[in-house]
Amino acid sequence: MGDMPDKKINPRVGLFVTCLVNAMRPSVGFAAVDLLERAGCKVEIPREQTCCGLPGYNAGDLRDCERIARQVISTFEPYDYVVVPSGSCAAMIAHNYHEHVFENEGVWRRRAEALGKKTFELTGFLVDVLGFTLTGIPHDMGELKATYHDSCSCLRRMKVKSQPRKLLRDFCRIEIREMKQTEECCGFGGSFSLKMPEIAARLGDEKIKRAVSTGADMLIGGDLGCLLHLESRIKAQGKSMKVMHVAEVLTGRAKVPSAEK
Amino acid sequence: MEKNEKDFLHGASAAMADKQLQANLGRLMMILRTMHSAGVGSAANFEDLRRCASEVKRHTLEHLDFYLETFEKKVIEKGGKVYYAETCEDLNSIVVEICRRRGARIAVKGKSMVSEETGLNRALEKAGIEVTETDMGEYIVQLAHERPSHLVGPAIHKNKEQIADLFMKHHDLGPRSLDNIPSIVAEGRKVLREKFIKADVGITGANALIAETGSVLLVTNEGNGDLCSTLPKVHIVVSGIEKVVPRLEDAGAILRVLARSITGQAMSCYTSIFTGPREGPEDAGPEEFHVVLLDNHRSEILAGEFRDILRCIRCSSCMNHCPVFGVTGGHAYGSVYVGPMGSVLTPLMEGMREAGDLPDACCGDDRCAEVCPMMIPLPDLLRRLRTRKWNMGIGSRPLKWGLSAYMKTALRPRLFHAASGAAAVLASMLQGGKKRPVSSLNRMHGIKTHLPSPQGKPFFSPLGRKRREL
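If you're matching them up, the sequences are chains A and B in order. FYI, numbering that gives the first Met the number 0 numbers position 136 of the first sequence as 135, with every residue one higher than the one before it. FYI, numbering that gives the first Met the number 0 numbers position 128 of the second sequence as 127, with every residue one higher than the one before it.
Honestly, the hints are just simulated from the structure, not real lab data. Don't take every hint at face value.
Calculated lysine-lysine pairs in the DSS-like style (CA-CA distance at most 25 Å, straight line) [as the list claims (entries may be wrong)]:
{"id": "1", "chain 1": "A", "residue 1": "Lys234", "chain 2": "B", "residue 2": "Lys456"}
{"id": "2", "chain 1": "A", "residue 1": "Lys208", "chain 2": "B", "residue 2": "Lys18"}
{"id": "3", "chain 1": "B", "residue 1": "Lys125", "chain 2": "B", "residue 2": "Lys232"}
{"id": "4", "chain 1": "B", "residue 1": "Lys168", "chain 2": "B", "residue 2": "Lys194"}
{"id": "5", "chain 1": "A", "residue 1": "Lys254", "chain 2": "A", "residue 2": "Lys158"}
{"id": "6", "chain 1": "A", "residue 1": "Lys234", "chain 2": "B", "residue 2": "Lys168"}
{"id": "7", "chain 1": "A", "residue 1": "Lys41", "chain 2": "A", "residue 2": "Lys144"}
{"id": "8", "chain 1": "B", "residue 1": "Lys125", "chain 2": "B", "residue 2": "Lys18"}
{"id": "9", "chain 1": "A", "residue 1": "Lys165", "chain 2": "A", "residue 2": "Lys144"}
{"id": "10", "chain 1": "A", "residue 1": "Lys254", "chain 2": "B", "residue 2": "Lys456"}
{"id": "11", "chain 1": "B", "residue 1": "Lys18", "chain 2": "A", "residue 2": "Lys238"}
{"id": "12", "chain 1": "A", "residue 1": "Lys158", "chain 2": "A", "residue 2": "Lys179"}
{"id": "13", "chain 1": "B", "residue 1": "Lys77", "chain 2": "B", "residue 2": "Lys168"}
{"id": "14", "chain 1": "A", "residue 1": "Lys254", "chain 2": "A", "residue 2": "Lys241"}
{"id": "15", "chain 1": "A", "residue 1": "Lys179", "chain 2": "B", "residue 2": "Lys18"}
{"id": "16", "chain 1": "A", "residue 1": "Lys116", "chain 2": "A", "residue 2": "Lys41"}
{"id": "17", "chain 1": "A", "residue 1": "Lys241", "chain 2": "B", "residue 2": "Lys456"}
Non-contacting residues of chain B with respect to chain A, defined by C-beta distances greater than 10 Å in every case (computed) [unchecked claim]:
{"id": "18", "residue": "Ala11"}
{"id": "19", "residue": "Asp89"}
{"id": "20", "residue": "Val95"}
{"id": "21", "residue": "Arg192"}
{"id": "22", "residue": "Asp365"}
Every residue gets a Cβ at the ideal spot worked out from N, C-alpha and C, and that includes glycine.
Please put together the full structure from these sequences, using the hints given.
Put into structure tokens, the structure is as follows:
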């Protein structure tokens, strides 16, 4: 990653909360703040933020997406880094804005590219940019049997795979039980799951089958979209696997299922 | 070229309910992916090979008119003929006309997606010419009156029992047993051999047209391409205009990534190069050599923002790695070209109103772009098609209105946060208590879903960061 900006001490980080975390699972946002502050960042959460525009971008509403992208760029330009607790929203800001949304616009493309270079997915930022390590194990969950779902955006756009596993090992002593075909899509795909719910459900069910066969009690992931989709499939199938965002686990917000009994 | 199913969702639904198909598909996708990674892994520098092959095509497409003219000149020099067909119908009538002139009654055909694209078999049959597919997979789907469900494995949706049943029904060979693959293949081979010998005309596709020499390069694993071109008196090549490359070594750049991406082989079993008709009575090869080049909207595609799709070499990697294709199979697409490359090509050839549902058949996992040996940005092309569709006002209205309202709200942060709060409250109400006022929301398109329930007040609610303990 040659384009990495210079490492700063106590960098000023703008947290992009994401619309799903905001509406569905605020605890992921609070967990992200905790992690970043613990790693020495000065975290700010501008209230002018809403959505990164990905739903419209994917569905073809490029005009509104462009306007949202301008809003995001203007809001987050002043920070040293932009950190997002989601691979898909991070990829939208880091790649899609300058590669596609503003491909034909000089000034905005340059601004988008500059912002893209300092935008990171949360676990990737903690490990790759900050090199964040802890002494001791703050939330020992060594007993937990957990598997990990990588979002396609984390894997293929943000190059994040080992980072969350390393953090889970270092912070919680969790060794991930890997699924078979673990890099396969869960079928969420944003508006895809609204347009083709039957296929999305089938892909989700197959993912869950592979997750269950690892013997895990908990499914951890870094993208709330995938996680909510998988959670709804787990419920639909009457299974009991718990679904948590990696930031929640790392900050001790997840209870070990066996400890609850 | 026509799409035989009106909508993808309908086809997908049927495919997902077909247990046999699901078992066949699941097994084959696994095998194809394993072969692919072995093939890509067998080349130390696959990334370089990919770049090289893509560059060959990118360059050729930039100067397509020049290379086509060069190719044409060379074919004529070698004693062959070249025809340009603007539409599918044009191609069919040119081929039928060539057959008629020779008084041909029987034709054999091998490995040609273009002839599927134009519906050539039907046109030939209508003209009273019997045509037999000679690639084993294509022969099987021809017997079943189906269309190929996969670019390189046309019959991968069928298992050996289904194929044995088909042969039993169609081959009048008396009582026998077809309970293993070698016996099935041996019977197919025997039947096809007779067709080759009887045929007046052989029709093949092309993997590359070599401008420098006027040659046609064809890759098969069964050798049927050679038999189609050498046994009958007339050889007709049907190909898209985008298949031309400058020189033989440029075709080599493509061959290096082609078989590796399909079956994991470094090279296919047969790589044949055909150049013109036989030169004398003691020479091998056909008496007549015709090349029919199809446009069918390719010139339009070349001129627009979807040009990259013309680099496609029909290797099938994209579909073999597509999660959606993996559960629906090829027939759900209702088109000749299926999977991600088909979802780009079909709407461009048939029109957005006819095939506009296909660009939606994408879960956005980006695997196709990762594996495409020609570095075609398939997810981006699909998204561009969805943008085109959005701007044309096609597609589900409620979804469009909903999304549009969402996007417009997102442009007003205060309104957005107020609305998120209200939505969270509403969703809690719907999900909460034992009474579910809108239980029908939990069934979408007949699938039982459980809408996710929000944790409580949104992150950006007035209490905001006071609730850090969450």
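Next item on the list: Check each numbered hint against the structure and report the violated ones by number, ascending.
Entry: Hint check: 5, 6, 7, 8, 13, 18 and 22 fail, others pass.
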